[in-house]
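Protein sequences, first through last, are from chains G and D. In this text, residue positions in the first sequence follow my numbering: the first is -12, and each later residue adds one. In this text, residue positions in the second sequence follow my numbering: the first is -12, and each later residue adds one.
Since the hints were made in silico from the structure, they are not lab data. Mixed in with the good hints, there may be bad ones.
Each pair may be met inside one copy or between any two copies, as identical chains are not told apart.
Stated by the list, open to error - In silico lysine to aspartate or glutamate, DMTMM-like type, Cα no more than 20 Å apart, as pairs:
no.: 1; residue 1: K124; residue 2: E164
no.: 2; residue 1: K124; residue 2: E228
no.: 3; residue 1: K176; residue 2: D46
no.: 4; residue 1: K176; residue 2: D79
no.: 5; residue 1: K124; residue 2: E177
no.: 6; residue 1: K176; residue 2: D75
no.: 7; residue 1: K176; residue 2: D(-6)
no.: 8; residue 1: K124; residue 2: E146
Remember, predicted model here, so these are calculated numbers, not experimental data.
Number of protein chains: 2
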Amino acid sequence: MPELRRDPIAGRWVIIATERARRPIDFRPEPATARGRDGCPFCPGSEDLTPPEVLRLGDHRPDGWTLRVVPNKFPALLGDEDIQASGDGIYDRMNGVGVHEVIVETADHGASLGRLPVAAVGDVLLAYRERLLALRKDPRLEYVLIFKNHGAAAGASLEHPHSQLIGMPIVPELVQEELDGATRYYRLKERCAWCDIVRQEQRDGARLVLAESGFLAVAPFAPRVPFETWILPSTHQAAFESTEPEGLEALARLLRELMARFERVLRDPPYNYVLHTAPLRTAEGGPFHWHLELMPKLTRVAGFEWGTGFFINPTPPEEAARFLRNPEEWAPDHGLEGRPR
Amino acid sequence: MPELRRDPIAGRWVIIATERARRPIDFRPEPATARGRDGCPFCPGSEDLTPPEVLRLGDHRPDGWTLRVVPNKFPALLGDEDIQASGDGIYDRMNGVGVHEVIVETADHGASLGRLPVAAVGDVLLAYRERLLALRKDPRLEYVLIFKNHGAAAGASLEHPHSQLIGMPIVPELVQEELDGATRYYRLKERCAWCDIVRQEQRDGARLVLAESGFLAVAPFAPRVPFETWILPSTHQAAFESTEPEGLEALARLLRELMARFERVLRDPPYNYVLHTAPLRTAEGGPFHWHLELMPKLTRVAGFEWGTGFFINPTPPEEAARFLRNPEEWAPDHGLEGRPR
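Whenever a hint applies, use it, and build me the whole structure from the sequences.
If you want it as structure tokens, here you go:
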């Protein structure tokens, strides 16, 4: 059984995935990223290589499914027990109860969010929403973390387009910090901090990347990495899963266009995105405002940066936003290599 | 001038190093790690490739210096101005005032902390102490962050053994969180949290790696990455720079032995370490307890992990400690490849 452990001073929880304990030799060489369709467990025809699916879209189509959600074959947290928390002197631990699923975003091994049709990107967002709504009902879970690792350098071990979902009995540290920060802000000003960000970015414009009906993509004022970009609803909404399916269409257009621009301007960079949505047990309408944080992996993040929370970023967000607003300035269609100036 | 910017919700500060603004094309291909002695700016004979040194050891030796501390040629923070903080709507910024130095740990390009003589490792620690004591006097600085990136995968852009030091007008987020956590703990129990960790680890033993007169190396209870290891003094001490030079000798023995074991068991892994010492302006004897956090880079840390503060670690610390306590069990001297079992 995996175990959740809490650092008694910093307060962060980590998953110790005891079921796949690794010996020193297992770390070298790094497990290769599976490439190509051969043996890909997410391609059509290999459905029996994954556990039975919990959601499937596109069954009405003659050529079969278009999206599947399946339990992770190597889950970080496991299923059917009740939560058991215990102390060990100054330390706290909990059995690793939770859910770990994979969202296979498309049947097309070589696709990407920037090249899929808008409707297919919409289906990915719809699948996120469906799973969030379903997992809310599990009283053991406090948070459902949805994220995507794209490219080996960003931690993806499979090439086929997919996202992941981890339902867990705790709230991840940075989400809790955001909630605490937003709560302090709200008490002081009676306004949502992210709503204020939206207003200031709309007024200022220098960090705006894209706008669609009801959604913005902005380069945050204090980005940790070059070209960090956030997508957020332009009016207040705590939980992603409250977005109505019609709203997801506009969001899909925005996300697809943003990813297409990343692919063009930064030439298909490895990236991670994480959906920051309100903790499941936060009262409806709390001060949280959901957002998607997208971090391309263009520089090596030194260990000291995530060991201290102190980041050095060589690219001002105003510059990054300008490149993404005007991709043709930087990467004309006829030259993928970009144009040095 | 570089700029410090604060995220209005999460509260973290980042350095926007505006002086080296990067265009999209600058990110590909990744700058290669300089290899070999040719053109190495830290090798003897190339002293004119670095700015004038602020500390030099070993001048009495016939073969020249043994350690140099020099200003970073591409500093993340810059020098001689006064601090100017300003608001911009909901955002906070500060001019990027600070100090960025490089500790060239040895004249020997091919050395490592695990292979240097103990006295040379002691000189590295002495240099850290000297610079901390000197920079305390700069009233603009709130924190001096000392860290080491070893190996390209851990963010080192030069191969020659070196550490870095950044003196900054803010306290890094995770250090502040540790101080806050330790302060809460102290108020509740009237005891230092790290002193309690030392006592529990000494009693339990399962996570102990090494002990030397006055210092311990332990695998923390909730490690973020496989083989994360902390070194800390076994009696209470808030600031690293309060360690007397005699104490540094025992610490050097411990650090050298630990690094030698890492090199043996994990075969010279890339790693980062960060010295967590009390903020400069914390009252003497505060609840902080300095420690060195060492994180080998054996797995790819996915962006979602440092984007959420939520880590998945496949190696229980009790296992890691056992391998490091008994390296001969795992990596006998005659076989660098380890021994599959």
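What are the numbers of the hints the structure violates, in ascending order?
-> Hints 1, 3, 5, 8 not satisfied by this model.
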